[in-house]
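Quick mapping for you: the protein sequence lines, in order, are chains W and G.
Heads up: the first sequence begins at 1076 in this note's numbering, then just goes up one per residue.
Heads up: the second sequence begins at 13 in this note's numbering, then just goes up one per residue.
Check each hint, because a few of them may be wrong.
Sample of chain W residues with no beta-carbon within 12 Å of chain G, all distances over it, derived [stated by the list, open to error]: (1) E1085; (2) R1089; (3) K1346; (4) V1357; (5) D1358.
These stretches of chain G come out as covered by chain W in the derived footprint (C-beta under 8 Å, 3 or more residues) [unchecked claim]: (6) 58-72; (7) 142-150; (8) 189-200; (9) 232-246; (10) 313-326.
These are computed hints drawn from the structure, not numbers from a lab.
Nothing here was measured: the structure is a model prediction, and the numbers come from that model.
Don't be surprised by glycine CBs; every beta carbon is placed ideally from N, CA and C.
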Amino acid sequence: MSESLTLLREKHIRYIESLDTKTHNFEYWLTEHLRLNGIYWGLTALCVLDSPETFAKDEVIAFVLSCWDDKYGAFAPFPRHDAHLLTTLSAVQILATYDALDILGEARKARLVSFIRGNQLEDGSFQGDRFGEVDTRFVYTALSALSILGELTPEVVDPAVEFVLKCYNFDGGFGLCPNAESHAAQAFTCLGALAISNKLDVLSHEQLEEIGWWLCERQLPEGGLNGRPSKLPDVCYSWWVLSSLAIIGKLDWINYEKLTEFILKCQDEKKGGISDRPENEVDVFHTVFGVAGLSLMGYDNLVSIDPIYCMPSTVTTKFKKYPYK
Amino acid sequence: MEQYDYSDIKPLPILTDQQDELCRIMYTEDYKQLMGLARALISVNELSARALQLTAQVIDVAPAFYTIWNYRFNITRHMMTESDDTVSYLNKELDWLDEVTLNNPKNYQIWSYRQSLLKLHPSPSFKRELPILKLMIDDDSKNYHVWSYRKWCCLFFNNFQHELAYTSKLIELDIYNNSAWTHRMFYWVNFKDVASEVELADELQYTMDKIQLVPQNISSWTYFRGFQELFHNKIQRESEVVQFATSFIASVLSLPIDLPQDLPEIESSYALEFLANHWSADPRTQDSAVKAYSLLAIKYDPIRKNLWHHKINKLN
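Just chain G, same shape as in the assembly (with noise of 0.2 Å):
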């Protein structure tokens, strides 16, 4: 880390002027000198490469204190322009924001940070923001702010490309991800009026093996139904899909339901409520509908059983 000269500088009080109970705090003199510093540089707007380095110093102890971020960045569009090679110097910075992301997996200035530094880049590129979205979701597979930005990242690349096989590859590590079955709709939701009919079948049977393999899974479960939804001019396997969810609820239809202890348990309660949902929505199945919301109310799913009893008196 170079070493800049601050001698100049006179930091400013931290502390207010205000002495009541709510507001009085004990810093370390290490602290105070450091956010005297800052404050003294934000208050004269000092655009300089000593400002950025402590700005750096300031976001290691307190990367939530989001003035900073504002600072760093009016610095950074600054900067920029002095520079000889706009490209390398955003390019360099990205590489701090890199090795602060690793350290800060929760905060959510750095990814707003991260698109501004992206929008003021003169040749932005989705691939040099793989390896870090990569290793971000190594570390937390379900990182939100992590998952948003990839997706804002397909929209200001307008690229797609990777996404299916990336989703693919997470589902296979964990296939409760509902981030990653999420971030597949959302690139079909994105390919919804080109997608071929073959792909269409692939999809399909990509998520009846995903399901086939675990199926109390409520994410695959939500895809299937969301994708079939999405799609429902250009899927016609209505037999098929009823057949598929028929085969994980151990004709429990069949059997009387004044018993539920002896009820089999079934293999997917989502299949059970998956087929209710579906034969709502036709009145010569609906008696099938109420036999499967009553079998989720008193054996397969009685925590909600509010809600099953709400769609039983809607059918009724």
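Same shape as in the complex, but just chain W (with noise of 0.2 Å):
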């Protein structure tokens, strides 16, 4: 690795700072269906740099309070959107990184659960929203959500593991539903629905032998990850192929230096933040992959991520195990 690359630390707390008072410019309303996962991507990868301070916690949860959407009863991405299974995760997620699960209080976190639980199908698989949209990100968001409540139930978990399964491919992948074409990212929401509901045992072996196979299959010689076969290399791959690996102890089968190399190229030397490749625009998505991927590989002792969870390990470490004794 050639010694000038360094991790700009200092420049991406500044960078994902900066995206809090950018709120006068024309794309940053256009994104307002995505705010509430903006604000858990800017939050994460804070933690990651060990500044979560960076960000006003009070105004941050009065902002996820108010995109309660009392008529589902669970969080939509703004406020008077709709809730929706992604942003509730999210909204879940920044609560627990700042300890404040409880002001959402019992009534609402009763009305939350049971909305996570109503979105679930006949098949196990999680809908997004009433509309019914489905794919296996659903069933991870809707089991990590119910994971950080402490509410999973066998009800929930076992159709769920079996839809999860059923997204199995020939090559040792994981598709978006069932038959759909082998992706890293669904091998990250296949295998973490598995880990969170304390089930990676369905899987054999040998299936595991192949997942890790097709995983490290996505590191190119140049270093970085991705998502298909034949496909260009990108950051956020970074998370959902390491993440994988590390939720399956086979971390170590890809090459570090060689991806550390690839994600520090990608920096925005500048302005800070991280791109999905070299020279492109940065964005807060790429920046938290960057650096919770440099994380998992132990780089120059960033704050542990969990790889189930993507959140801080301090966080998660408190969150009770399932099955609940």
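Make the complex out of the two chains shown on their own, each in a separate frame, by following the hints.
Structure, rendered in structure tokens:
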């Protein structure tokens, strides 16, 4: 690795901080539907960079609560939008990171749990909202949120696990739904869902070998990871692939040195932030998954991140482990 | 585009009462007006032609705003029952959706909306879906959502007759197209029990021809291996397959391993890996497997050397 490549910690912190103050620009309001997710990405990146105080905790919590959709009893990405599973997970993650889940209160928490459970379908899968978009992202999202709230039950977990297994493919990867092409992000959602449920043992030893092979096969000779065979590398797969390998205990099948070099080359040296590929425009999504990937590889004493929850390990150790005693 | 009157609707404010730093946003007047109207109509659940028109405008500026898709679906479901001709009403909706699809190739919501429409449709047709599927794949031959949707269609219509020819055409255009290769596997998985020996032999030959054309291709090798695993009871051509794979590795197995820089280039590291995996299964050939994995680790695929060492340790 070239000597000059180092993680520009301070610049990344300033970059994430600056996103909050850019509320006047056009792109910002077009991304309302991702706002709560964006705050989760920013906060998690700041945690990994050991600078969570960069966000004003009280303001963030107030914003999260303002996204509560009282009609459906869950969180929307932005005030007055519809509740959705993806943003509900982000809200729960943010509150848990701040150790502030109690602020929900029993009544709201009960509604939240029933919203999540209510989106499970007969085959064990979850829809993102009542409109019915189904995929393994939502299985992960639902199980992760319920797990953080300490509310998993066999009625929810068992059919979900069965659905996840149907998304396993002949090549050792997982698809977005049964039959769909293997994709690295889906390896994370499927393995993460199994790990949260403490059900990784439903995979055979041979399957775990195949999965590990498919995942490390994502590394290209230049070092970066792609999401599918013959696609370009992208920093976000540093998270989806590495976390998956970490979950099945095969993290070292990736060449750390080469991947680290690839991630560091995607930094914007002037304004901070990390992009998908070298020379591209940075964003908060790639910034969090870049630093989270580096953390999994033990780079430069970054704060430890939990590969299952994509949250600081100090936070996730407090979660009740399923099955509950 | 038809002009509708919305003057009786009082737009709802789109800003919240909360004025903290995180959500204070400057909107353009047009956007405020449009979103305000949409929120007002949603709040009274108006299911009308003008509401439908408004959702089209909102989708035009914010296609990933899923609330508006939910609302549009409710309107459509209601309006089709009011219409004299449900079929042509839904076909018109699909025509509109085709246009939105072409303008938003990466959007997720479009495809689940499309599935919902076909489930509502009294006489849905795969043929009607083929042109938009083709256009979208022509635009991006690895579009994940389009391929997933195509699979959904095959199962929904129980129609696989186009699939082999279609994937052949795409593989012809881009032999590295993993989506096309895995779609081909999807076809065989669904025809597992009825595939004839002749068909299987043809398919094996097809795959070998494609590997011959471009030997260093992860997708065709993975397919090759997966296909043989799927039909291991019906395909018994072990020695031929091994001989085929061996033709891409320049006899490196018989060369000394201690000087990696002196080893020749080979046509395909995947062929070497295929052989290593094959030889691992039989105690009599495990020495060859160890040598093949060692060659991958030191010369032909060093970035994964920890994986190859793991495989060697398992064999020892």
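Outcome of the hint check:
1. No beta-carbon of chain G comes within 12 Å of the beta-carbon of E1085(W); the shortest separation is about 22 Å.
2. Separation of R1089(W) from chain G is adequate, the least Cβ-Cβ distance of about 16 Å exceeding the 12 Å criterion.
3. Listed as outside the interface, K1346(W) is consistent with that label: its C-beta sits roughly 20 Å from the nearest C-beta of chain G, beyond the 12 Å cut-off.
4. The non-interface label for V1357(W) is consistent with chain G: the shortest C-beta to C-beta separation is roughly 19 Å, beyond 12 Å.
5. For D1358(W), the requirement that its beta carbon stay farther than 12 Å from each beta carbon of chain G is met, with the minimum near 15 Å.
6. With 0 residues having a Cβ less than 8 Å from any Cβ of chain W, the stretch 58-72 of chain G misses the three-residue criterion, and the hint is violated.
7. Counting residues of the stretch 142-150 of chain G whose CB falls under 8 Å from any CB of chain W gives 0; the rule of at least 3 is not met.
8. Check result for the stretch 189-200 of chain G against chain W: holds, 7 residues qualifying (beta carbon to beta carbon below 8 Å, three or more required).
9. A stretch counts as covered by a chain when three or more of its residues have a beta carbon under 8 Å from one of that chain; for the stretch 232-246 of chain G and chain W the count is 4, and the coverage holds.
10. Remark: the stretch 313-326 of chain G is confirmed as covered by chain W, as 6 of its residues place a Cβ nearer than 8 Å to a Cβ of that chain, reaching the required three.
Checked against the numbered hints listed earlier, the structure breaks hints 6 and 7; every other hint is satisfied.
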